[in-house]
Amino acid sequence: MNYYQELNISTDKFFSVHDVTEKIGAVVRESGVLEGMVSITSMHTTCALSINENEKRLFEDIRNFFLTIAPPEGPYKHNDLHLRENIPPDEPENAHSHLIAMMLGNSEILAVHCGALVLGHYQSILLLEMDGPRKRTLAVQVLGDK
Amino acid sequence: MNYYQELNISTDKFFSVHDVTEKIGAVVRESGVLEGMVSITSMHTTCALSINENEKRLFEDIRNFFLTIAPPEGPYKHNDLHLRENIPPDEPENAHSHLIAMMLGNSEILAVHCGALVLGHYQSILLLEMDGPRKRTLAVQVLGDK
Amino acid sequence: MNYYQELNISTDKFFSVHDVTEKIGAVVRESGVLEGMVSITSMHTTCALSINENEKRLFEDIRNFFLTIAPPEGPYKHNDLHLRENIPPDEPENAHSHLIAMMLGNSEILAVHCGALVLGHYQSILLLEMDGPRKRTLAVQVLGDK
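Chains as they are written, first to last, in the working numbering: chain A, 8 to 153; chain B, 8 to 153; chain C, 8 to 153.
If you're looking for bench data, these hints aren't it; they were derived computationally from the structure. Be a bit skeptical, because a hint or two may be false.
The list treats identical chains as interchangeable, and a pair is accepted whether it falls inside one copy or across any two copies.
Said to hold, decoys possible - Straight-line C-alpha distance at most 27 Å; calculated DSS-like pairs for lysine-lysine:
(1) K63 x K153
(2) K30 x K63
(3) K142 x K30
(4) K84 x K63
(5) K30 x K20
(6) K153 x K142
(7) K142 x K63
(8) K142 x K20
(9) K84 x K20
(10) K20 x K153
(11) K84 x K153
Model the full assembly from the supplied sequences, consistent with the hints where possible.
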């Protein structure tokens with residue numbers, strides 16, 4: 008059996024981390040799947056998913072670390088908007104957001120066991136916004152058996 | 008139901024990015040699965056998969072960024088070929104390719120909904136070659152219901 | 008059909024790489040699934056999973072590379088233990104381990120075809136310990152058809 012749902016999340020800052028564990032857990036419960044897997048995908052190219060600890064000082068480290076590795080003001084060709092074709096009028100200069108999103112990854116797969124998400128004690132499912140604030144969508148598909 | 012297929016892709020440069028979205032979409036259609044998931048895996052250790060935007064200037068940024076973080080000429084122990092055992096005569100010095108592949112990841116999971124891949128407007132499935140040109144193989148498995 | 012199992016792995020160093028391919032292959036065989044997928048998840052926030060080559064000199068490069076990018080002694084807010092609430096008495100200063108784990112990722116999805124894991128010739132499933140030695144748990148879920 009399968010169950011598909013899209014979740015909408017509004018982000019409020021340029022770079023922010025949002026814990027979506029409870030929302031994903033609710034989709035798994037609604038699915039009725041007891042044993043299987045859940046896939047979660049960010050439907051965006053500047054917004055990633057990661058599983059790690061929900062600790063607000065760590066969220067600041069994440070921001071500082073990735074913006075240091077891939078600084079927004081770097082000499083990126085993707086940011087030469089005048090040299091690109093067919094771009095919308097509000098196209099942002101966000102090459103660094105694409106690069107960070109690629110390092111973090113934009114999909115996660117988790118086991119579903121006994122009707123619940125399998126997560127360790129300190130694990131949360133985190134949506135990482137790198138080009139906000141925006142409205143973001145996650146695609147969630149649950150597959151398995153009753 | 009399930010459907011398994013291997014896709015062959017020839018890469019043409021040392022470091023290059025290839026959009027494989029249409030090929031994966033074709034496998035999903037051939038599978039007949041309407042609701043489920045598709046897993047895509049690079050069967051190589053110096054060739055990664057990522058989901059991001061197909062924009063040719065961004066592809067140059069990806070190349071520049073990752074080759075700066077993990078430069079080919081770094082002092083890598085894996086590149087001391089004379090200190091390794093059982094290596095083929097054409098073994099390349101490619102430690103940096105392994106490290107970049109690990110950062111990018113070599114598998115992706117996507118939802119299949121209404122018989123189609125679930126991807127956002129700007130998302131493409133990208134194969135990233137870091138040690139080309141080579142012939143590469145992707146393993147694609149579709150699992151779900153009609 | 009589905010089959011769920013948790014695997015326990017003891018790590019022996021601060022930063023180490025462990026090949027778990029055989030253990031995962033055994034779970035797939037025990038599952039009886041012939042065509043499907045296997046998801047593998049690290050249930051920890053400072054211990055990652057990656058698929059790459061089992062080559063001991065490369066393991067040293069992995070350690071050196073990631074500890075250079077995210078050095079343990081960096082000025083991380085997560086390591087200011089006196090400013091955090093509800094922390095256990097043995098809480099380590101491990102912000103860098105979280106950041107490296109996020110770059111590497113903590114889950115993998117692999118195809119199962121003809122009753123076996125689909126892996127390329129040089130691919131192994133690697134558990135990467137970044138805050139050991141510890142006892143670690145992997146959640147493995149196999150889903151598919153006979």
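Okay, the hints, checked on the actual structure:
no.: 1; hint: K63 x K153; verdict: neither (37 Å within a copy, 43 Å between copies)
no.: 2; hint: K30 x K63; verdict: within (19 Å within a copy, 36 Å between copies)
no.: 3; hint: K142 x K30; verdict: within (16 Å within a copy, 30 Å between copies)
no.: 4; hint: K84 x K63; verdict: between (33 Å within a copy, 9 Å between copies)
no.: 5; hint: K30 x K20; verdict: within (20 Å within a copy, 36 Å between copies)
no.: 6; hint: K153 x K142; verdict: neither (33 Å within a copy, 32 Å between copies)
no.: 7; hint: K142 x K63; verdict: both (22 Å within a copy, 26 Å between copies)
no.: 8; hint: K142 x K20; verdict: within (11 Å within a copy, 37 Å between copies)
no.: 9; hint: K84 x K20; verdict: both (25 Å within a copy, 19 Å between copies)
no.: 10; hint: K20 x K153; verdict: neither (40 Å within a copy, 41 Å between copies)
no.: 11; hint: K84 x K153; verdict: neither (50 Å within a copy, 44 Å between copies)
The structure fails hints 1, 6, 10, 11 (numbered hints given earlier, in ascending order).
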